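Participant: Sequence:
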Amino acid sequence: MDPASGRVILEEGSRILTANGTAVVVAILLTGVTLQNSFGDTTEAAWADLTEVRAIYDGSPTPVLEPLRPLLDTLSAKAKVIVMMRLEVVQEVITGFRDGHPRFRRDGEPHPPFGEGFGVALSKRCAAMADLLSRERQCDRATQRRVLEGELKRATISASTVRNWVRSFQSEGLIGLIDKRSVRQSKSLDNLDLRYQQQAREEVNLLDGDRSTVSFKEIDRRVRYALHTRGCVDLHIPERSSNAFISMLMGQRGKTTRAQRSTALQGVSGKRHYPALRPGQIVGIDVTRADNLVYDPLSGDAFSVEIVTAIDVACRIVPAVRVVPMSADGIDAGLMLYDICRPFSLRVSGNSYDNWRWVGIPGCVDLSNVEVRMGRRRFAPDFSTLQGEHPIPSVLPDAMHSDHGAIFLSDHVTAIYRQFGIDLLLTRGGKPTDNPHVERWHETLQRCLQQLPGYKGRNVAQRGRLVAEEPLLTIQELQDYVRGFVVLDYHRSPHSGITLPGTEKLRKSARPVICPLEAWDAMVEATGRIDVPQRPDLIYQFLPVRWLTIGHAGIEMMDLVYDAEALDDYRHCPKGTFRKDDGATPFFVDPHDLSRIWFRDPTTDLVKPVPWRGADLVKAPMAQSMLDMARRGVRERGGNDVLKRNSATRQIIDELGQLMTPSARGRDVRRKKRAASCRVGQSQIDHNEAQQAQQAQRKASLQLSQAPVQDERVPVDVRRREWPNLLDGV
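Residues 1 to 730 (the UniProt record's numbering) make up the sequence shown, in order.
Simulated from the structure, these hints should not be mistaken for laboratory data. These figures come from a predicted structure and were not determined experimentally. Glycine included, C-beta positions come from ideal geometry on N, C-alpha and C. Misleading hints may appear alongside valid ones.
Cβ-Cβ distance ranges computed for the label pairs, FRET-style [to be verified]: (1) ASP208 with LEU152: 25 to 31 Å; (2) PHE118 with GLY13: 36 to 42 Å; (3) GLY457 with ARG221: 31 to 37 Å; (4) ARG635 with PRO494: 56 to 62 Å; (5) LEU152 with ALA226: 43 to 49 Å; (6) GLY457 with SER410: 39 to 45 Å; (7) LEU500 with TYR570: 44 to 50 Å; (8) THR604 with ILE685: 22 to 28 Å; (9) ASP208 with GLU443: 17 to 23 Å; (10) ALA259 with SER509: 37 to 43 Å; (11) LEU500 with GLN387: 54 to 60 Å; (12) PRO494 with MET248: 44 to 50 Å.
Cross-link-like lysine to aspartate or glutamate pairs, in silico, EDC-like; alpha carbons within 16 Å at most [to be verified]: (13) LYS672 with ASP179; (14) LYS255 with GLU218; (15) LYS608 with ASP668; (16) LYS255 with ASP208; (17) LYS431 with ASP210; (18) LYS180 with ASP301; (19) LYS608 with GLU565; (20) LYS255 with ASP179; (21) LYS672 with ASP301; (22) LYS608 with ASP568; (23) LYS456 with GLU469; (24) LYS78 with ASP179; (25) LYS431 with ASP208; (26) LYS699 with ASP605.
Based on the sequences and whatever the hints tell you, model everything.
Facilitator: Structure (structure tokens):
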């Protein structure tokens, strides 16, 4: 072969592969070449049959006759190796030479008893070759591995197999040595009526995930019935072809409703990433069912929960995540924004880590000890260790992206968005691909959930029989673990969805990959950021406000009476004190815990709790859902007339007590009790955190006011003090 031109040079003695095996060029004529095959027969091959021959390396014959090429080109590399191996075996059995000619003799050839020169019958030569091949395969590790894995039944080759190869070669030439399975073609669908094909496509396209999937036979029945209704009675539909066609369509559409929904959404999904430029530009939020059961200490049962996650589209950080009982409500959605606006920190010490801690203002200017260090706080992690502080950045979103869930469209949530000037971007109905960043996060979350006990899989087909009997985590423990996974795993791991500007055209393997916190630092450095001013009472900006009237006996709300000493100075306020032409006073109400409401004292600007008078008389979790059940039970025993001023509280207390007894049965009652208990526990954590921060700030303010007065010539520079941790000193 000429390496410069890539052409094959034929001369006397050259080898060429023909339909009858390896041939030798014995003469070159004006019209072509004269070839001699392994049996000594000579034939002439025209030049037209030798056009565009290609080189084959690794010891295989180089030129190939043109009529043989189309068939060889359809074979896989593995099938070609098998053909050449069989050709060598057959030629050695017949002639004694692997390449078929004495001119291409290899060392030691011919080996007895192969070839006609030893006077051994062909059948005995085949048996000897079979024994030789079996010995070779016994020493071949790849063959032994295939036998061990069940791909091959045995590693030996029988004499009849070699004899069949020889007979096929003698009758059909090289084509007879090709494994028929490698050239077997599936039946063409061209003989299937086009009307049937069109109707079948229409029936399969109806499976878009909203309808339950059906069997192939049912689709075939519907197609035939539709064609019969249209008057197509002259059809001849082969059963095998129709089944193969429907199988092909269902393979493209998807065999499950989930796969069919994904296929249907491919036509309307976006083709490019949203060009988010800075953190907080868009924050996606969504709710998903946790694939783990959790333990309820109240009843001892195992139950399911939901995970609410917010993710920044620009840098993919997760600023907030909560685990809530089913199902999440508008208050949970509002508190998610509360968490998004708060900076947190997680500390790792040894083999343990604490919970997310609210750390106040995330950036600071430190001028202590004369040495000045100014600039933004860096969030990129130290990849050499997990020890120490791990910050979780906060941001005030420009827009929130969610689906049409009722909790995201509630009056409470939209009022919060309006208060903070946040836009609400909604996905198209039934198009979860419009919010892909959160949907993809749910896949990443599987890595976290599968590490925990109680994992029940994503559907009933994956659920184990003993899931509910395993030792389970509580809902708070699950939330702490998920948050730890976000900080110590997800935020520190390379994210393939983050692309650095200028590297879009590089191969995916050549693109630099960074983690979400590194992307946060890079974007904040270029664009800056907007924070929500951190106040200890920030949570109350995310709670509903009820205007109630303060009386001598306290405040009445939903047939419950609330009272506290903090209200003494405001029991006789004139109209217009808090609201024009009205004597009502604003109170913050948390529907997740109605055992107390909250009042902002105008004198001290502190938010103080106002407890329910009967809170000490019941053990029931005082969530809105429990109170509604209690009030409903009272009405069912006597109608609205039984709820009077003197008896309402007593009857509600009695009804709440009945709901907490073991005799209170019913799936809905048990579910609401579990949810109420979880929500009350989380509400107490949130409010206690805010109250402790409020007390710490008040204590710091008192200490500052009692500090000695500085010399007027040395002004106090507030910039020399760091922003305080709102929970220090508690």
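Participant: Now tell me, hint by hint, if it's right for this structure.
Facilitator: Okay, the hints, checked on the actual structure:
{"no.": "1", "hint": "ASP208 with LEU152: 25 to 31 Å", "verdict": "violated, 44 Å"}
{"no.": "2", "hint": "PHE118 with GLY13: 36 to 42 Å", "verdict": "violated, 26 Å"}
{"no.": "3", "hint": "GLY457 with ARG221: 31 to 37 Å", "verdict": "holds, 33 Å"}
{"no.": "4", "hint": "ARG635 with PRO494: 56 to 62 Å", "verdict": "holds, 59 Å"}
{"no.": "5", "hint": "LEU152 with ALA226: 43 to 49 Å", "verdict": "holds, 48 Å"}
{"no.": "6", "hint": "GLY457 with SER410: 39 to 45 Å", "verdict": "violated, 32 Å"}
{"no.": "7", "hint": "LEU500 with TYR570: 44 to 50 Å", "verdict": "violated, 58 Å"}
{"no.": "8", "hint": "THR604 with ILE685: 22 to 28 Å", "verdict": "holds, 24 Å"}
{"no.": "9", "hint": "ASP208 with GLU443: 17 to 23 Å", "verdict": "holds, 22 Å"}
{"no.": "10", "hint": "ALA259 with SER509: 37 to 43 Å", "verdict": "violated, 28 Å"}
{"no.": "11", "hint": "LEU500 with GLN387: 54 to 60 Å", "verdict": "violated, 29 Å"}
{"no.": "12", "hint": "PRO494 with MET248: 44 to 50 Å", "verdict": "violated, 38 Å"}
{"no.": "13", "hint": "LYS672 with ASP179", "verdict": "violated, 67 Å"}
{"no.": "14", "hint": "LYS255 with GLU218", "verdict": "holds, 14 Å"}
{"no.": "15", "hint": "LYS608 with ASP668", "verdict": "violated, 34 Å"}
{"no.": "16", "hint": "LYS255 with ASP208", "verdict": "holds, 11 Å"}
{"no.": "17", "hint": "LYS431 with ASP210", "verdict": "holds, 12 Å"}
{"no.": "18", "hint": "LYS180 with ASP301", "verdict": "violated, 61 Å"}
{"no.": "19", "hint": "LYS608 with GLU565", "verdict": "holds, 10 Å"}
{"no.": "20", "hint": "LYS255 with ASP179", "verdict": "violated, 33 Å"}
{"no.": "21", "hint": "LYS672 with ASP301", "verdict": "holds, 13 Å"}
{"no.": "22", "hint": "LYS608 with ASP568", "verdict": "holds, 13 Å"}
{"no.": "23", "hint": "LYS456 with GLU469", "verdict": "holds, 11 Å"}
{"no.": "24", "hint": "LYS78 with ASP179", "verdict": "holds, 11 Å"}
{"no.": "25", "hint": "LYS431 with ASP208", "verdict": "holds, 12 Å"}
{"no.": "26", "hint": "LYS699 with ASP605", "verdict": "holds, 14 Å"}
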